[in-house]
Amino acid sequence: QVQLVESGGGLVQPGGSLRLSCVVSGSIFSFNAMGWYRQAPGKERELVAAIRGGGSTNYADSVKGRFTISRDVTKNTVYLQMNSLKPEDTAVYYCNCYSVLRGDYWGQGTQVTVSS
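Heads up, the numbering used here is the position in the sequence shown plus 705, with the first residue counted as 1.
Simulated pairs of lysine to any residue, SDA-like, Cα-Cα distance not exceeding 20 Å:
(1) K791 <-> S722
(2) K791 <-> V717
(3) K791 <-> R771
(4) K769 <-> G721
(5) K780 <-> R757
(6) K791 <-> G721
(7) K791 <-> E749
(8) K769 <-> S789
(9) K791 <-> E751
(10) K780 <-> I733
(11) K791 <-> S767
(12) K791 <-> R750
(13) K791 <-> L723
(14) K769 <-> S722
(15) K780 <-> W811
(16) K780 <-> F734
(17) K791 <-> L752
(18) K769 <-> N788
(19) K780 <-> Y803
(20) K748 <-> Q813
(21) K780 <-> Q706
(22) K791 <-> I774
(23) K791 <-> G747
(24) K791 <-> Q744
(25) K748 <-> V797
(26) K769 <-> R750
(27) K769 <-> V797
(28) K780 <-> Y810
(29) K780 <-> V710
(30) K769 <-> P719
(31) K769 <-> G720
(32) K769 <-> L723
(33) K769 <-> Y784
(34) K769 <-> A745
Here are the computed distance ranges between Cβ atoms for each label pair:
(35) S821 <-> T779: 34 to 40 Å
(36) G720 <-> Y803: 29 to 35 Å
(37) P719 <-> Q813: 22 to 28 Å
(38) G760 <-> Q706: 24 to 30 Å
It should be emphasised that the hints constitute simulated quantities derived from the structure, not laboratory data.
Cβ coordinates follow ideal geometry from the N, Cα and C atoms, glycine included.
Work out the full structure, taking the sequences as your base and the hints as a guide.
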């Protein structure tokens, strides 16, 4: 069973930075894509950033230029560097791995709160 463990969330002031990490219990090469989603209270879960097997990335318009997704295949870890954080970035952030053959896997989520 694949497990995803996120870390790095917390409370940060507007304009600050955080780096989220997602450690996968298995080779991330086995997945077609990995991504970060977020869900704010009363809102649907939305895609924040994704990275595909070939390394291409895409971002939600609201985070372009501020967030960066990356991976370290030697550590089976995916990162989300978040800069210039805004109060509207407050949400629970979830790591996702997707395989055409096996479907979706999700982490337990990590809370990010942006507030002064």
